[in-house]
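Asker: If you read the sequences in order, they're chains A and B.
Numbers in my numbering are just positions in the first sequence, counted from 1, shifted up by 18.
Numbers in my numbering are just positions in the second sequence, counted from 1, shifted up by 241.
Calculated directly from the structure, the hints in this document are not laboratory data.
Because the structure is a prediction, the values reported are computed rather than measured.
Here a beta-carbon is modelled for each residue, glycine too, at the ideal position from N, C-alpha and C.
Any given hint could be a false lead.
To be verified - Each computed DSSO-like pair below joins lysine-lysine, with the alpha-carbon atoms no more than 30 Å apart:
1. B/K244 <-> A/K51
2. B/K797 <-> A/K47
3. A/K47 <-> B/K674
4. B/K777 <-> A/K51
5. B/K426 <-> B/K451
6. B/K556 <-> B/K474
7. B/K797 <-> B/K674
What the hints assert, rightly or not - Using C-beta positions, here's what the derived DEER-type ranges look like:
8. A/E42 <-> B/K674: 14 to 24 Å
9. B/G281 <-> A/S41: 25 to 35 Å
10. A/S130 <-> B/K674: 54 to 64 Å
11. B/A670 <-> A/V124: 47 to 57 Å
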Amino acid sequence: MTIRECYDALGGNYDDVMGRLRSERLVQKFVLKFCSDGSFDLLLRSLEEGNVQEAFRAAHTIKGMCQNLSFTRLERSATAITEVLRGGDLAGAAPLLPAVREDYEVTVRAISEFAENVQA
Amino acid sequence: MQKERILIVDDSEMNRSILADMLNDEFECEEAEDGERALGILRTSAGKFSLVLLDIVMPKKDGFDVLAEMNRTGLIEDLPVIMVSAETASAQIERAYELGATDFIMRPFDASIVHRRVVNTIFLYAKQRKLVGIIESQIAEKERSSSMMVDILSHIVEFRNGESGQHILHVRTITDFLLRALIRKTDRYLLTEAEISVIGMASALHDIGKIGIDDKILNKPGKLTDEEFAAMKQHSLIGANMLESLAEHREDPLVKCAYEICRWHHERWDGRGYPDGLKGDEIPISAQIVALADVYDALTSERVYKPPFSPEQAKEMILTGKCGAFNPLLLECLSDEFDRIREMLSKNVSEKAAKREIRNFADAAIHAKGASASERTLKLLDYERMKFNFYAELTEEIQFEYNVPEDFLKMSSWGAKKLGIPQELFHPATNPKLSEQLGENWFSGLGAFLKKMSPARPEFRRECMLAVGGEHRWYDVIMRSIWTDDASPSIESVIGKLVDVHDTHVAMSELKEKSIRDPLTGLLNREGTGEELIRKFEKFPEKKYAVAVFDVDSFKSANDVYGHLFGDKVLCEVSERLVHSTRVHDLCARIGGDEFLIVFEYDADIHPIIARVFRSLCGPVGEFDLTVSMGVVEMTEKGQDFTELFRRADLALYAAKNGGKASYRFYDESLEEE
């Protein structure tokens, strides 16, 4: 799996990220880093604990990373939940979570496949 | 060269490392994972950073908290902050700008935009710091010269007055103490630091009107008559009028303040003073204070008409209203400051004054005055830069500006395009593209050029062969160095341009070449020979030389019989044989119609060489039996005059001709007699 195929699989825009970061090496480096970021776990935990501020921050970080990496699909759902959490609406965030979870899992799966390829 | 250091503040490790990766080549990046950590780093070592890249949403302290704290400590004035955030709400952006952020980069960002903005911001701040420095020193200088003028002027008055010379300094010192005590006590009089310094300086001028008062009255021992006293009282109005007639400076704060003091320093709080009988706070505070200082120092000093009172007596006389009538607030100030004033006046006041002046300079330099002036200067600078860019676009020149301490290179856009590098570049020496374009050694070459310049001769110009874009062409390199203005000047920056002069250069060399050659045979002509010989003799003075002159026998009849075209053919043939029979170090020239010259450079014996060359020159050309006659002279001493050598060779040539042509002859002294 090439990096472009990985982007196709996770619903990202490879041309856009290359246009901005200008280096395949950099893009690959940061894509591989994505899975080790703890923000998604923090989001889940904070929602469970009802800590709306931490939840907002976590969602905001995910959104920021997606923007940097042009992960368009996850960015869309992360942005939606971020805006609801910004307003402090914990109840409003709950129905948006499944979409974020699904998009996150798709993203992580694609990256893991790509990572295996790189190691091989 | 130390790299500029950037602090990257973002809670997402990925975001930080993306930024760091983009900037690592040119900058030293340090990272902080939240606002609290960032503030911690800034508290201990803000000075080592040139820029902060700041995220907004972060745990503990967010970006706005960091900005607010930087505002509180004033750090925001010196350290530029670029916000990097996904926040798109204009209220958030507006708030960041209001808190003093220099720029705002929206996520997701473009590597080249981040790079460009970082470079621009760092460079602008460096420029601004330099400008503020220049302006501060200029203001301090101006302050110093006006303070000096005031001192000179007030001393003239004192000398005429027969006063001790200390009175002016005393009044100024007391004024200063009272002023500071007053602003601590009340905010009734809105006095800025600048106004306080102006009042102090203007206080020295309070009695300048005495210059218009008769000496006899001024220095009269004993009591003045009513008439004399009336004349004496005129000094306050005379002084005020003098200042008012300074049309050009009337609006100057110092002159305005001095006017108030001159005119009203004999007014009384109860309205019974002169010249205008002003009452209470109708009298400007500057004049009130100087009046009190004046009275106090007059009482404690010896005058022609009275002995000195002790400081305590003087204080008592003033506070009880025996001597003058003053603002009660000022009387309180006098009581408060009495000990310090007494102690101060008992010491050498001028020494203190010098120290106080130094402090005043510093105050003035830091003061807002400096900021407004530097804003105007920045605007002017912008204008000049725009003009410069406009003209730079029009010419096809590589224009550059290299800032030595910043190790920063700026190019005209045409130049940058030509060299394929960014317009702005830190650490150009290590830029691979530049080395590729200008050759590996371009920077050390530039260094060698810089060494040739000095503050006295800051300009440098030379035509150089450069391989711009892999093509070797001649460039006119013009540079001017700008030097620091201190005891051991060093180069601060270099401006200059590279102009492609290849075509003109080549055309000029061709023209020059043509002017020293004979067009028919391509040999040197007479002018060229002279130049070449001088160069040769200078370059290899240790060599042996011989000069031979020859012409074609019966050339005139060849011309007559076979025509001029044939004559030309003969000359070309001679030149060809000449070139073939001589060596590269020898010099061959056609110096007249059929007259040729050879300068031989040899090691051992010239005779066999002459014999060989002579033989190869002779031989038929078509039906014409070509022979030559030749005279030869050996150079016997170093640096012998060429004209003399030529004359001797010519003499030998005529001897050969007279001896029956088709022969050669060496010069000897016997020829001189014939």
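Asker: Has the given pair, B/K797 with A/K47, been kept, meaning a C-alpha gap of at most 30 Å?
Answerer: Violated, because 91 Å separates the two Cα atoms, which is more than 30 Å.
Asker: Verify the CB-CB distance for A/S130 and B/K674 against the hinted window 54 to 64 Å.
Answerer: Once the Cβ atoms are compared, 39 Å apart, the range 54 to 64 Å for B/K674 and A/S130 is violated.
Asker: Keeping to a limit of 30 Å between CA atoms, is the pair of B/K777 and A/K51 held or broken?
Answerer: Violated, at roughly 73 Å.
Asker: Is 25 to 35 Å respected by the C-beta to C-beta distance linking B/G281 and A/S41?
Answerer: Distance hint for B/G281, A/S41 holds at roughly 33 Å.
Asker: What's the verdict on B/K426 and B/K451, does the C-alpha distance respect the 30 Å limit or exceed it?
Answerer: violated (34 Å)
Asker: Assess, step by step, whether the Cα of B/K556 is no farther than 30 Å from the Cα of B/K474, and give holds or violated.
Answerer: holds (24 Å)
Asker: Could you check the hint for me, namely that B/A670 and A/V124 are 47 to 57 Å apart, CB to CB?
Answerer: Once the Cβ atoms are compared, 48 Å apart, the range 47 to 57 Å for A/V124 and B/A670 holds.
Asker: For the hint 14 to 24 Å, verify it against the beta carbon of A/E42 and that of B/K674.
Answerer: holds (20 Å)
Asker: Does A/K51 sit within 30 Å of B/K244, going by the straight-line distance between their CA atoms?
Answerer: holds (28 Å)
Asker: Is the hinted pair A/K47 and B/K674 satisfied, with a Cα-Cα distance of at most 30 Å?
Answerer: Roughly 26 Å separates the two Cα atoms, so the pair holds.
Asker: Run the distance test for B/K797 versus B/K674: straight-line Cα separation, threshold 30 Å.
Answerer: violated (66 Å)
Of the numbered hints listed earlier, those contradicted by the structure are 2, 4, 5, 7, 10.
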